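Colleague: Sequence:
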Amino acid sequence: MSIDASFFALVGLILFFVLLAFVGVHTSIGKALDKRSESIAKDLDDAKRLREEAAALLADYQKRAQEAEAEAQTIVEKARREAAALADEAKVQMEDYVTRRTKMAEDKITQAEHQALQEVKALSADVAIAAAEKILAAKLKGTAGADLVASSIADVKNRLN
Numbered sequence: 023m024s025i026d027a028s029f030f031a032l033v034g035l036i037l038f039f040v041l042l043a044f045v046g047v048h049t050s051i052g053k054a055l056d057k058r059s060e061s062i063a064k065d066l067d068d069a070k071r072l073r074e075e076a077a078a079l080l081a082d083y084q085k086r087a088q089e090a091e092a093e094a095q096t097i098v099e100k101a102r103r104e105a106a107a108l109a110d111e112a113k114v115q116m117e118d119y120v121t122r123r124t125k126m127a128e129d130k131i132t133q134a135e136h137q138a139l140q141e142v143k144a145l146s147a148d149v150a151i152a153a154a155e156k157i158l159a160a161k162l163k164g165t166a167g168a169d170l171v172a173s174s175i176a177d178v179k180n181r182l183n
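For reference, each letter of the sequence shown is one residue, going 23 to 183 in my numbering.
Derived from the structure by calculation, the hints contain no laboratory data. Incorrect hints may have been included.
Derived DMTMM-like pairs: lysine to aspartate or glutamate, alpha-carbon spacing no greater than 25 angstroms straight-line [stated by the list, open to error]:
#1 Lys100 x Glu111
#2 Lys130 x Asp118
#3 Lys64 x Glu74
#4 Lys130 x Asp110
#5 Lys53 x Glu74
#6 Lys130 x Glu141
#7 Lys143 x Glu155
#8 Lys125 x Glu135
#9 Lys130 x Glu117
#10 Lys143 x Glu128
#11 Lys57 x Asp68
#12 Lys125 x Asp110
#13 Lys85 x Glu74
#14 Lys156 x Asp129
#15 Lys113 x Glu135
#16 Lys113 x Asp129
Using C-beta positions, here's what the derived DEER-type ranges look like [stated by the list, open to error]:
#17 Lys64 x Lys85: 26 to 34 angstroms
#18 Ala176 x Leu139: 33 to 41 angstroms
#19 Gln88 x Lys57: 39 to 47 angstroms
#20 Ala101 x Thr121: 58 to 66 angstroms
These figures come from a predicted structure and were not determined experimentally. Glycine included, every Cβ here is placed at the ideal spot set by N, Cα and C.
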């Protein structure tokens with residue numbers, strides 16, 4: 023057999039593998055791979071833990087959002103009820119105000135009518151007195167008028183005493 027370069031390459035490769043086995047490179051590579059495997063497992067565990075924490079936080083935030091939405095709905099409903107109550111109260115107050123103002127206007131109208139009636143009566147009495155005075159003055163000239171005045175004065179004195 024002839025020794026050529028391929029043979030020397032094969033012998034060199036075998037010696038290289040023996041040297042690597044003798045130095046313990048395979049154990050170092052195994053340890054490095056084990057460390058890398060442990061690091062990846064640790065990273066996966068951390069990622070899993072972080073994912074669970076994120077899921078818990080998400081659930082917590084969703085729960086808080088639902089509670090906040092429910093509270094907001096409660097506040098809105100309460101505000102609507104209060105607004106309706108205030109509107110009803112304002113309506114009642116307005117109706118009461120209108121009723122009172124109407125009553126006051128009616129009272130003023132009644133009072134004005136009464137006052138106008140009194141003024142008409144007073145004016146009628148003044149006109150009647152003036153007319154009676156003119157008629158009596160025309161009919162009772164002279165001694166008949168004097169006698170009537172004297173008897174009226176005596177009648178008034180008797181009634182006052």
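Colleague: With reference to the structure, classify each hint as holding or not holding.
Modeller: Taking the hints in turn, this is what the structure says about them:
{"no.": "1", "hint": "Lys100 x Glu111", "result": "holds, 16 angstroms"}
{"no.": "2", "hint": "Lys130 x Asp118", "result": "holds, 18 angstroms"}
{"no.": "3", "hint": "Lys64 x Glu74", "result": "holds, 15 angstroms"}
{"no.": "4", "hint": "Lys130 x Asp110", "result": "violated, 30 angstroms"}
{"no.": "5", "hint": "Lys53 x Glu74", "result": "violated, 31 angstroms"}
{"no.": "6", "hint": "Lys130 x Glu141", "result": "holds, 16 angstroms"}
{"no.": "7", "hint": "Lys143 x Glu155", "result": "holds, 18 angstroms"}
{"no.": "8", "hint": "Lys125 x Glu135", "result": "holds, 15 angstroms"}
{"no.": "9", "hint": "Lys130 x Glu117", "result": "holds, 20 angstroms"}
{"no.": "10", "hint": "Lys143 x Glu128", "result": "holds, 22 angstroms"}
{"no.": "11", "hint": "Lys57 x Asp68", "result": "holds, 16 angstroms"}
{"no.": "12", "hint": "Lys125 x Asp110", "result": "holds, 22 angstroms"}
{"no.": "13", "hint": "Lys85 x Glu74", "result": "holds, 16 angstroms"}
{"no.": "14", "hint": "Lys156 x Asp129", "result": "violated, 40 angstroms"}
{"no.": "15", "hint": "Lys113 x Glu135", "result": "violated, 32 angstroms"}
{"no.": "16", "hint": "Lys113 x Asp129", "result": "holds, 24 angstroms"}
{"no.": "17", "hint": "Lys64 x Lys85: 26 to 34 angstroms", "result": "holds, 31 angstroms"}
{"no.": "18", "hint": "Ala176 x Leu139: 33 to 41 angstroms", "result": "holds, 36 angstroms"}
{"no.": "19", "hint": "Gln88 x Lys57: 39 to 47 angstroms", "result": "holds, 46 angstroms"}
{"no.": "20", "hint": "Ala101 x Thr121: 58 to 66 angstroms", "result": "violated, 30 angstroms"}
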